[in-house]
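Sequence lines, in order, name chains X and B.
Residues 22 to 415 (my numbering) make up the first sequence, in order.
Residues 26 to 144 (my numbering) make up the second sequence, in order.
Quick caveat, the hints were computed from the structure, so don't treat them as lab data.
Incorrect hints may have been included.
Heads up, simulated EDC-like pairs for lysine to aspartate or glutamate below, C-alpha to C-alpha not over 16 angstroms straight-line [to be verified]:
| no. | chain 1 | residue 1 | chain 2 | residue 2 |
| --- | --- | --- | --- | --- |
| 1 | X | Lys166 | X | Asp40 |
| 2 | X | Lys180 | B | Glu117 |
| 3 | X | Lys166 | B | Glu102 |
| 4 | B | Lys75 | B | Glu102 |
| 5 | X | Lys166 | B | Glu133 |
| 6 | X | Lys180 | B | Asp116 |
| 7 | B | Lys129 | B | Glu36 |
| 8 | X | Lys180 | B | Glu102 |
Quick list of simulated restraints, FRET-style, between CB atoms [stated by the list, open to error]:
| no. | chain 1 | residue 1 | chain 2 | residue 2 | range |
| --- | --- | --- | --- | --- | --- |
| 9 | X | Ala218 | B | Ser37 | 53 to 59 angstroms |
| 10 | X | Thr161 | B | Pro68 | 47 to 53 angstroms |
| 11 | B | Pro68 | X | Pro60 | 31 to 37 angstroms |
| 12 | X | Pro154 | B | Leu92 | 16 to 22 angstroms |
For the chain X half of the interface with chain B, some residues (derived, Cβ under 8 angstroms), not all of them [stated by the list, open to error]:
| no. | residue |
| --- | --- |
| 13 | Ala126 |
| 14 | Ala165 |
| 15 | Glu169 |
| 16 | Ala173 |
The structure displayed is predicted, hence computed values, not measured ones.
We put the CB at the ideal spot given by N, CA and C, even for glycine.
One-letter residues, chain by chain:
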Amino acid sequence: MAARPRVVAALAAQLRDLDAAEEAFAGAAERCLSLAEPPDDYAAWLFVAGKRRALDAIRKQAAEVRSTEALAQVSDMADILQLPDPIPDERLRLLFICCHPALGAEVRAALALKVICGLPVDRIAQLFVVSEPTMFQRITRAKAKVREAGIAFELPPRKAWPERLGAVLLALELAFTAAYADAGGELSADLGEDLGAEVEHLALLVAELLPQEPEALGLAALVLLARSRKGARLDGEGAMVPLSQQDVARWSYSRIEYAQLLMDRAQRIGRSGPYQVMAAIQLTHTRRAFDGVVDWSAVLRLYDVLMVLRPSPMVALSRALALAQVQGPEAGLAALDALPAERLALVRPWHVARADLLARCGRPEEARAALDAALALGPPRAERLWLEARRAAL
Amino acid sequence: MQFMLMINEDESPYAGEGGAALLEATLAGHMKLAEDLVAAGIPFSGERLKPASTATTVRSDNGTVTLHDGPFAETHEELGGFYIIDVPGLDEAIEWAKRIPVPKGAVEVRPVWQMGPES
């Protein structure tokens, strides 16, 4: 349901309970599917139906335990049903609640992905590289804490925003990573909504609300730049097209211009950070549309900076590919092989990068083996088609 | 909403050199905090406890009750006192917890289970 983030956020804001909001939404969505005729306005219908379901659930609970607490809630709920549509946009409020500093740093972004984006727990566990039961437990515990510990369901006062910003940006970054890895739209089809569009909306909202936070501007620019290539990422057969081979005529230049504007603003504030550097890398790639070539030494320098600001095997991997463009494939391959191979064995881009550099070093047999290793990790369809084509071309 | 702010303090700085002055300053800080709570119109209560060396623990295990000399948990930081405050939510409780004078230690913030019809 494309309406999910908006409707769940509005329900949570009124019910003051993340679990109840998710359950009410799920129930309403199920009923919606059984309707003979679809409603004119999905979001409004789901919101009202969700509220009714929540009310029924609380009444049932009240009847069972005759608890005065639950009965008091029912009188509140009667007021809730009187509230007029259209539904309020509470997504940002919910995002900040999920990122409350009283919740563990390791769960904040995950909670936001679960509750707001509706990402399934197994996907979230993959993004955080933990097991599914561990992630499930973390999210369950966090939801209970939000419900019981007195965490306010209000948008926090402005002075509290910067403190929560790191987790907010991380949640958006990871949601975006999940959306971006999904070139063929399989995850979006599962979720029934365009996750990338949702993240773009939220990232722009955060940037708008915190114009003095250069990292918020940097992340919004990063999302816009990646989204600008949406129309160029698949070929006629649905295979992924890598950035360097995309048809620049199919990029969205309004997004690129907006990203440039945000980055100029961030630069004037004068506090650099990883998101700004990542956006600068993407912008350098975008220059291909104007200059005809990519300035790989500039890309390499930016990756060097990123390795200082936020070192990770994935950044090191991207840096090795940039190094290969500047100093040749042997240098790139040497840099790749210096990385902890055992930690990267399950990471597709690692095998794909090795295949690329091995092929360019004139070692097709090893390149083929690396592509086989990538294919064995079960890539989404668009990536699989692309990898198979590369393998055939070796 | 009621919260208990539990002060888990390392007692040793009060015993060392300059400990008496530190204790005096900390107690003055608590007096000031109480005044601020009153001025802010926040219902509260609280107590200071005697040192952990005075503690006796009554431990139960399936009907067998034993007494232990000393606090419930052997740590460097002992429960030294507490406040119970009535504020709108966790954010306000955390703000007040940050204002509790603690030379070395931590303040645990826990919502109090609400009983009866007033909730």
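Q.
Quick check on alanine 173 of chain X please, does its C-beta sit within 8 angstroms of some C-beta on chain B?
A. Since chain B brings a Cβ to about 4 angstroms from alanine 173 of chain X, closer than 8 angstroms, the hint holds.
Q. Should the hint that alanine 126 of chain X touches chain B count as held when the rule is a Cβ pair under 8 angstroms?
A. 16 angstroms, violated
Q: For the pair supplied as a hint, lysine 75 of chain B and glutamate 102 of chain B, confirm whether the alpha-carbon distance does not exceed 16 angstroms.
A: Distance ~14 angstroms between lysine 75 of chain B and glutamate 102 of chain B Cα, so the pair holds.
Q) Taking 8 angstroms as the limit, does the beta-carbon of alanine 165 of chain X come near enough to a beta-carbon in chain B? A) Alanine 165 of chain X check fails; min Cβ-Cβ to chain B is 12 angstroms, beyond 8 angstroms.
(Q) Against the range 31 to 37 angstroms, how does the distance between the Cβ atoms of proline 68 of chain B and proline 60 of chain X compare: consistent or not? (A) 48 angstroms, violated
Q: Verify the proposed pairing of lysine 180 of chain X with aspartate 116 of chain B, using a straight-line Cα cut of 16 angstroms.
A: It holds: about 12 angstroms lies between the C-alpha atoms, which stays within 16 angstroms.
Q. Taking only the CA atoms, is the gap from lysine 180 of chain X to glutamate 117 of chain B under or equal to 16 angstroms?
A. 13 angstroms, holds
Q. When the nearest CB of chain B is found for glutamate 169 of chain X, is that gap smaller than 8 angstroms?
A. Holds, because the Cβ-Cβ distance from glutamate 169 of chain X to chain B comes to roughly 7 angstroms (cut-off 8 angstroms).
Q: Could you grab the alpha-carbon distance between lysine 129 of chain B and glutamate 36 of chain B and see if it respects the 16 angstroms cut-off?
A: Status holds; Cα separation ~8 angstroms.
Q | Distance restraint between lysine 166 of chain X and glutamate 102 of chain B, which requires alpha-carbon spacing of 16 angstroms or less | A | 25 angstroms, violated
Q.
Checking one constraint from the list: CA of lysine 166 of chain X to CA of aspartate 40 of chain X, max 16 angstroms. Satisfied?
A. With Cα atoms ~11 angstroms apart, lysine 166 of chain X and aspartate 40 of chain X stay inside 16 angstroms; holds.
Q | C-beta pair proline 154 of chain X, leucine 92 of chain B: status relative to the range 16 to 22 angstroms that was hinted | A | 40 angstroms, violated
Taken one by one, the earlier hints fail for this structure at numbers 3, 8, 10, 11, 12, 13, 14, listed in ascending order.
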